[in-house]
Amino acid sequence: MDSGIITALITLSAIGAVAAVVLYFIAQKFKVIEDPRIDDVTDALPGANCGGCGYAGCRAFAEAMVKEGTMEGFFCPVGGNDLMKSLSPLLGVEAVEKKPQIAVLRCNGSVKNSPAKYSYDGPNNCTFTHTLSSGEGGCMYGCLGGGECVDACDFDAMYMDPETGLPVVKDNCVACNACVLACPRDLLELRNRGPKDKRIFVACMNQEKGGPAKKNCSVACIGCAACFKVCPHDAITMNNNLAYIDYEKCTLCRKCVEVCPTDAIHEINFKPRPPKAEVPKKEPVKKAVVVEEGAAPAPKPAKAPRTESVEVAVEKPKAASEASDKKEENSSENQNNNQ
Amino acid sequence: MLKTFRIGGVHPKENKMSASAPIEVMEHPKRAVVPVSQHLGVPATALVKKGDFVKTGQMIAKGEAFISANVHSPFTGKVFRVEETLDSTGFRRMAIIIDVEPDNWMEGIDLSSDLKREIDLSPEEIVKKIHESGIVGMGGATFPTHVKYMVPEGKKVEYLIINGVECEPYLTSDHRLMLEKGEEMMIGIAILMKGLKVNKCIIGVENNKPDAIAHLKDIASKYQGISVEALKVQYPQGGEKQLIDAVLRRQVPAGKLPLDVGCVVNNVGTCFAVYEAVQKNKPLIERIVTVTGKPVKKPSNFMVRIGTPVDMLLAKAEADVEASGKIINGGPMMGKALVTTDVPVTKGTSGILLMAKAESNRNEEQNCIRCSKCTTVCPQGLEPHLLKILGKRMDAEACEVERIMDCIECGSCVYTCPAQIPLLDYIRIGKAKTGAMIRNRSRK
Amino acid sequence: MSLLVVSGSPHVHGDLSTKKIMWGVVYAMIPALLVSFYFFGMGAVKVVLVSVVASLFFEWVITKYLLKQKPQISDGSALITGILLAFNVPSNLPVWIIIMGALVAIGIGKMSFGGLGKNPFNPALVGRVFLLISFPVQMTSWPTPIPMFKAPMLDAITGPTPLGVVKEGLRNGESMETVMSQVPDYVNLLLGNNAGSLGEVSALALLLGGLYMLFRKIITWHIPFSYLATVLIFSGILWLVDPNAYVNPLFHLVTGGMMLGIFFMATDMVTSPMTPVGQIIFGVGVGLLTIIIRVWAAYPEGVSFAILIMNAAVPLLNKIKPKRFGEIVKA
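Residue numbers (the working numbering), protein chains in the order written: chain A, 1 to 339; chain B, 1001 to 1444; chain C, 2001 to 2331.
What the hints contain is simulated information worked out from the structure, not anything from laboratory work.
A virtual CB, placed ideally from N, CA and C, is assigned to each residue, including glycine.
Watch out, some of these pointers could steer you wrong.
[As the list claims (entries may be wrong)] The list that follows gives simulated cross-link-like pairs (lysine-lysine, DSS-like), each with its CA atoms no further than 30 Å apart: (1) K1200(B) with K215(A); (2) K2068(C) with K1013(B); (3) K98(A) with K1444(B); (4) K255(A) with K98(A); (5) K1280(B) with K1200(B); (6) K2068(C) with K1392(B); (7) K1078(B) with K209(A); (8) K196(A) with K229(A); (9) K1336(B) with K112(A); (10) K1392(B) with K2118(C); (11) K2118(C) with K1357(B); (12) K1217(B) with K1232(B); (13) K2020(C) with K1232(B); (14) K209(A) with K1062(B); (15) K1294(B) with K2118(C); (16) K1050(B) with K214(A).
[Unchecked claim] A few chain A residues that don't get close to chain B, going by computed Cβ distances all over 10 Å: (17) S13; (18) D121; (19) N192; (20) E208; (21) K209; (22) P212; (23) N239.
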C-alpha cells in the first residue's frame, strides 16, 4: 500500500476527530433547550403558513400555544375542530371547539344590479380604485371587482365571476381571514357555516339612505328595517341604514328573506321554496345540493352565478401546500422582473 | 439663466387657451350644493338644518378640529336638505343644499370695490380672521391656511413665498387673478407678511406669463420687501417643496415642513381671499375657475360662487360635453377625473378641463424598457419604475425603504414613460398600503 | 351620453414612446449602414437583410407561439437587434450562420427572459459572442473593403483587422513602428476603409449616429462619456509608460467595435444601469475591461465581452440610488 494514502487517511481522520470533539463541546455550550412539543405541534399543523390563526406562520402558532399552555383563544381554521382535538393530547389541555366558518361577500352589486356610471381606465386593483372614486357601480360601499381578495386567497377557494364582476367564495373556504383583511371596503365577513352549510346574511354594506342606495344598486339594503321588525330572535340589528344579521343568534327561519323588498338578504343552500308563499317549517334537506336562493318570485338574472359551488375540499392540506408553492414561484418571478 | 428646482421635472405642452379671457362673473344657480368638506383634514360640522334660512356669507359649517376649515354660505336662501351628495371627489359626502334666492348679505361685509390699503388688525387678529373666514390653499391642495400661520415655538420664519407659478398646463385662473386683481392680491400679501411677522416675500411666477410678471413687479415696487421672481417653465414647480428649492435653493427634508427651512408658501388665490376676508370682511365664498379644453368653444375664466354646479360653467363656456370623453377637476397633471358633471364647484376647484374623446383613454401599457426616464424626471429623486413594481406587489416594507411616501404624485413619471405605463397608479397602491402600515405602527 | 372615462392622474402624456426611441436608434445607425454598403457592397446588404429578417421572424414566432402574446415587432427593438448583429459580423458570413446568430440573439438573448425590457444581456452581443465562439474561423476572416459599392458578393479577399494586425505583430516581437506601418492610417480608420465587421469600420459614421442620439435625448452622456474617457485615460497611461509595447489611445478609439460599443451597445437602455452614477461606473467598468482584454487577453477585440460582463453587474449597480430630494444640504 502506498504510504501516501496511509498518511492521507491518518491526517483526515485526525482532523475529523478533532472537529468532532470541538463541535460536541460547542453544541453542548450553545445548546438551546426547546420544548419538544413545539416540534410535535408544528408537524401536526397543516403547514400552510396562511396566518389564519393570527400568527405569522404555523410554527409561531405552535410556539405561542405551547408557551401559553392552553388552547383557549387558539384556533387553526385550516385544520378545524378535528385538528385541534388531535392536538389536545399533545398539549395535555382541552381543545376549545369552534363552529366552522366560511367567508361571505356582503355585496351583490354585479354588473347588472349596479350598472357602470362611468368607464374606468387603469389598473384593476381594489386599493387604487377605492382611493380614486366610489367605483364604477357608483356605490361607495360596494365591491370594486378588482379581485384583491382572490389574490389573497391561498387555498384556491375564491374566483372572480366574469359575468357579475364579483368574487365568489367556494365551499372549500377554510375561513383563514386573508380575504377579509385584503378587502379595502371590508365587504367579506367570516360567518358560521351553519347546519348543512345553510346560512343567511345581508349581502350589502351600503350605509346610505334608501333613495341614493337604490339609485346605484337595485339590490341594496335600503335600511327599511322590515327584517328587523320581523325577526323573532333579535338577531338583526340596524345601524346606519344597514341591517346586520348576527349569525350566532340567527336560527335560519328565513322570515327576513321574505320581507326584504330588495332581495338584499341572501339564503344559501336552502331548498327552493314552493311557489306559494308559505314558510316551510324546518324541513330536513334531502341532499346537499346547492340551491339557488329566492328562486320562484321575481327571479333576478344576475343572481345565478352567486351559487356557491359544491367543491368540497377533501385534500385540504395538499391544496394548501400547492397554493403556497405557487406563491413562492410567483414571488421569485417578480424578483426577476425587478432586475 | 432663470431659476428652477434642481431635480427632475418635465415640460408638458402649456395649452393655456384661456389666458386672454378676462374673468367673468358667473350667474347664480337655482340650487347650490355646498359640501362641508372642501378642505384637507376633518370635515366641518354643519350648523344649519333642513328648512333654515341662510344669508350670503353666513357660516353654515364649523371646522372644529385643528386641521379643518369653516364653510360659509355662498348664497342666500332656504336650506333644502343636508345630506350626502356626490361631489368632485367621486364620493358621496355630506353637503348643505341651498335653494338660491337673490342675495341678502350678512351685515358687516364690505361690498364696494374700493381698494383698502391700511391694515388695521394685529398679527394675531389676522390669523384669527383667516381661520374664521374658512380660507384654504386655493392652489388645489386646500390645506387650511390658518394652520400654516400657527408657527410652533422655536421655529423661525424668514420668508413668505407666494406661488404664482401655475405650472399645470391649461389652467389660467391664477394668471388672470394676478393680472386683474394684482393690487388686491398684493395687499393680501402684505397682510400675510404682517400675520407671519416676516419682512421678506418672494412671488414666484413662471416665465410663460410675462405680462403678469411685469404687472406684479410694477405693483411690488411700491411695497417693502416684496420681490417677484421669474422662473423657468418646469413642471411641477407649483409643488410647495419644489417652489422653495427654485426660489431659495433650500430643500425641505423628507417628512419635514416648509417651516423647517424657514418658509411659508401660499398661493396667489389665497392672498386674494385673505385680502377679501381681512379688508372687506368677506369670507371665502367664491373663487376663479378656468373652463378649458379642446371641446370648449369659449375657454373662459369665471368668478364662481362655491356650490355652483359644474354643468352651469360648462354651458356658459359653450363646452361640448358630448364630444369629450373625460372631464377633469383641476389640471391635466394632478386633477381628478369627474364621474359626472353634476357636481359643485368647491374651494379647491381651480379649473374644469375637458378632454376630447380621442385623448381620454390611456395608451396601451407596454413592457418597461428600463430607460430610466422616470428616474430622471422625478422631482423627488425617487425611482418610479421600482416603486411601481413594489406597489403592484403591495410590498409595504420595501416601499417604505424606497421612500414611497416622499412621492408627491405629480405624474411626471407617467407623463414621460415611453412604455405608457401608469406608474403613478401602482405607486398610489403602494402608498395606500405603506401609509396604512405606518399608521398601524404608530397606533401600537 | 356615453360614459365618462375616469382614471388616475395625470391625464396627458408626453410624445415619447418606445417606438419613437427604437426608431431613433435605427435612424442613428443609417450612416454606419451606408458606409458598410459602400465598402463591402452586396455582401453587406445581404448580411443586414438576412439578419434583420431573421430577427424579426424569430421575434414574431416566439411571441406568438411560445409566449402566446400579441407580437410587437413594429416597436423596432428586434430591428435594432438585427442591424446590430449584422454590424458585428463580417460581411462574408454564410447565411445559415447569420440565421443561427439571430436565433440565439432573439431566442436566448431576449425572449428566454420574457421579451423586451427583461433581458439582462444585450441580445445582439449574445448572438455575436455565440457566433464568435462557435464559428471562430468564419467570424474572424474579414473581407478587405473595396470602395464604391464594388465589393463582390463571394470570394472576397480576406485579411485581419487593424487590431488583429497589431496584436499579432506585437506578440511576434515586431517593433511598434513596423506594426503600425502595416495598418491603415487614421483617415481610413475614421472613414471605414479597413477590414472588420461590417458596421464597426467607420468611426466617423458611428460618431455621427451617436451624436444624433445624444441630440434627440435617446441616450444620455453618462455612459458614452465615461466609457470614452476611461479608454483614453487607461490606454494613455499604458502608452506613456511604454510607447513601444502599447498602442496609442487614439488608435484604440477608432479601431474595432469601440465606437459601435460606446454609442450603440453599452448605451442599450434595457441592459445598462438606471441611475447616472451607476451609468458612469458602468462606463468606466466597460472601458477598463475593453482595454484589459485588448492588451493582455487572447482576443484582439474586447468590446463585446466587456459590455456583456458589465451587463451582468447592472442589477448590482441599480442598487445605487439617485440623489433624493432633501438630501442636498442647502446651498
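Here is what the structure says about each hint:
| no. | hint | result |
| --- | --- | --- |
| 1 | K1200(B) with K215(A) | 55 Å, violated |
| 2 | K2068(C) with K1013(B) | 38 Å, violated |
| 3 | K98(A) with K1444(B) | 29 Å, holds |
| 4 | K255(A) with K98(A) | 27 Å, holds |
| 5 | K1280(B) with K1200(B) | 25 Å, holds |
| 6 | K2068(C) with K1392(B) | 23 Å, holds |
| 7 | K1078(B) with K209(A) | 22 Å, holds |
| 8 | K196(A) with K229(A) | 27 Å, holds |
| 9 | K1336(B) with K112(A) | 27 Å, holds |
| 10 | K1392(B) with K2118(C) | 17 Å, holds |
| 11 | K2118(C) with K1357(B) | 34 Å, violated |
| 12 | K1217(B) with K1232(B) | 17 Å, holds |
| 13 | K2020(C) with K1232(B) | 27 Å, holds |
| 14 | K209(A) with K1062(B) | 24 Å, holds |
| 15 | K1294(B) with K2118(C) | 39 Å, violated |
| 16 | K1050(B) with K214(A) | 22 Å, holds |
| 17 | S13 | 49 Å, holds |
| 18 | D121 | 5 Å, violated |
| 19 | N192 | 28 Å, holds |
| 20 | E208 | 6 Å, violated |
| 21 | K209 | 7 Å, violated |
| 22 | P212 | 7 Å, violated |
| 23 | N239 | 16 Å, holds |
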